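Those protein sequences? They're chains F and G, same order as listed.
Adding 69 to a residue's 1-based position in the first sequence gives its number in the working numbering.
Adding 69 to a residue's 1-based position in the second sequence gives its number in the working numbering.
Note that these hints are calculated values from the structure, not bench results.
Hints should not be assumed to be uniformly reliable.
A pair counts as met if it fits within one copy or between any two copies, since identical chains are not told apart.
Said to hold, decoys possible - With a straight-line cut-off of 27 Å between C-alpha atoms, the simulated BS3-like cross-links for lysine-lysine are:
(1) K194 / K270
(2) K285 / K270
(3) K329 / K289
(4) K329 / K285
(5) K329 / K194
(6) K177 / K146
Small disclaimer: the values here were computed from a predicted structure and weren't measured.
2 protein chains.
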Amino acid sequence: MTTIGLLNPGEMGSMVGAAVRSGEARVLWAGEGRSAATHKRASDAGLEDAGSVAAVARASDVILSVCPPHAAVDLAKEVAALRFAGIYVDGNAVSPATAREIGGIVEKGGATFVDGGIIGPPPVKPGSTRFYVSGSGAERVAQLLTAGPLQAIVVPGGAGAASAVKMAYASWTKGSSALLLAVCAMASAEGVEDSLVREWKISQPDLSARAEGASKSNAKKAWRFIGEMEEIAATYAAVGLPDGFHLGAAEIYRRMAIYKDGPTPSLAEVLRALTPRRPA
Amino acid sequence: MTTIGLLNPGEMGSMVGAAVRSGEARVLWAGEGRSAATHKRASDAGLEDAGSVAAVARASDVILSVCPPHAAVDLAKEVAALRFAGIYVDGNAVSPATAREIGGIVEKGGATFVDGGIIGPPPVKPGSTRFYVSGSGAERVAQLLTAGPLQAIVVPGGAGAASAVKMAYASWTKGSSALLLAVCAMASAEGVEDSLVREWKISQPDLSARAEGASKSNAKKAWRFIGEMEEIAATYAAVGLPDGFHLGAAEIYRRMAIYKDGPTPSLAEVLRALTPRRPA
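Chain F with its partners taken away, still in its complex shape (with noise of 0.2 Å):
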């Protein structure tokens, strides 16, 4: 039997943990000043509050971190203060240099590092989502984390690799969503929305749902996305490529972060709230 402990279940995280239970693993989380809404997640997932991440992390062989971005440095120290030697899946949405950085402050805990990057949404059934892995240690996590709906795969290129799949990926899905928005946003405050949805009918025909579907599905996720856009922005950075496309995208989904706890708002809405400034 291995102990797997999730931290931490939010959308995704619940989800992972529901997918990787099964007759050889159970999932403990840490249920300690979580919400009421957090505490329905993880059971309904069937994971096993233990209490603390303290808890967590003295029963579990490896704990797996799924969190916003913007958490996962934090959330690794806080594991390796508790001198946890298992095995350190971080499967989150960071740069390969932040992979290595949060392998080197775990590592440093005794833990075992594996870098991981998870594209596909929450798993419920198979072929939806992949949970890239890479890393020594990663064949083993692999096989741990195929038991239900997700697919590991193995990256070959040490620590930083599965990360990088996970940038390259997200830097197209939610980099192009980010700019098809601010197209929007500025032909409407230009005056000129008509005519250029007019143009997209003869010559871009899919862009117009596309825009809408962008709005819609992102709305209010995007305070997570600000994070992930800085983090792929580092990753252009590290390799000599410019960034402004991400922190460009970071300032988009900055603007939507209003949206997190509200009803979907229309597109009308959110290029409004896009361009507060509006030309001379």
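Use these hints to put chain G onto chain F, whose structure you have.
Only chain G this time, still in chain F's reference frame:
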């Protein structure tokens, strides 16, 4: 009989010139000091060589400016200095602010200004290409422009509106192509291109072909996209949107400008040119 001066017959300009020639309109250009290739293009398009820009301005009722965006202001200054008093149409990929600046320059010289923006390839067959126009005089110019395969569309909103349509449109097409090439360059620099391409096969099945296409169709034209991306960045900044997407795109096309005169490079060559610096 209307006389139209076409400045200058590049790849786009020569075909625009051919498209506006008709029983009621002749088209002049200024061959002085131009290359043999430009002379051949203009002559193939049925344009009449009037010699100098001064001679074109003297003889023309309408001047169409179709040139790389970085040259648009200087061309307007040259024509204004000649006291051209006809209709000056700027059809270039410039920001609304630059379009209005050009309008001010040529109006000071005595001309009537019409803002324009061309969307589509050089117009050879009907339906491929639209010439957006705005400002007073746009209706009259629209009639002239539709003699051949070009379609003219009047945009409400005065000078700058046609340019805004063009900027918004190109900010997606050329901006997203640059982003996609940057994505591939990053993955390649990090050594995970194979993993990315395999993931794309599963979840983004058109992207690999699209990256190949973005490289192939833009490599030799990249030199003239630099100024266009900078004009788009300025357009975004003017309405308070992040300019980083298109400053990034300008940098991508700047690194591809080396392919202007040579053969079309492979995608792998382009990706190497985009990331001269590799991670440590």
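Status of the hints after comparison with the structure:
Taking the shortest Cα distances, K194 and K270 sit within 27 Å of each other only across copies (19 Å), while inside one copy they are farther apart (35 Å). For a Cα distance limit of 27 Å, the shortest separation of K285 from K270 qualifies both inside one copy, at 20 Å, and across copies, at 25 Å. In this assembly of identical chains, the alpha carbons of K329 and K289 lie at most 27 Å apart only when taken from the same copy (4 Å versus 44 Å across copies). For the homomeric pair K329 and K285, the shortest alpha-carbon distance inside one copy (12 Å) is at most 27 Å, but the shortest distance between copies (41 Å) is not.
In this assembly of identical chains, the alpha carbons of K329 and K194 lie at most 27 Å apart only when taken from the same copy (26 Å versus 49 Å across copies). Within a single copy, K177 and K146 get their C-alpha atoms as close as 10 Å, which meets the 27 Å cut-off; across copies the closest is 66 Å, which misses it.
Checked against the numbered hints given earlier, this structure breaks none of them.
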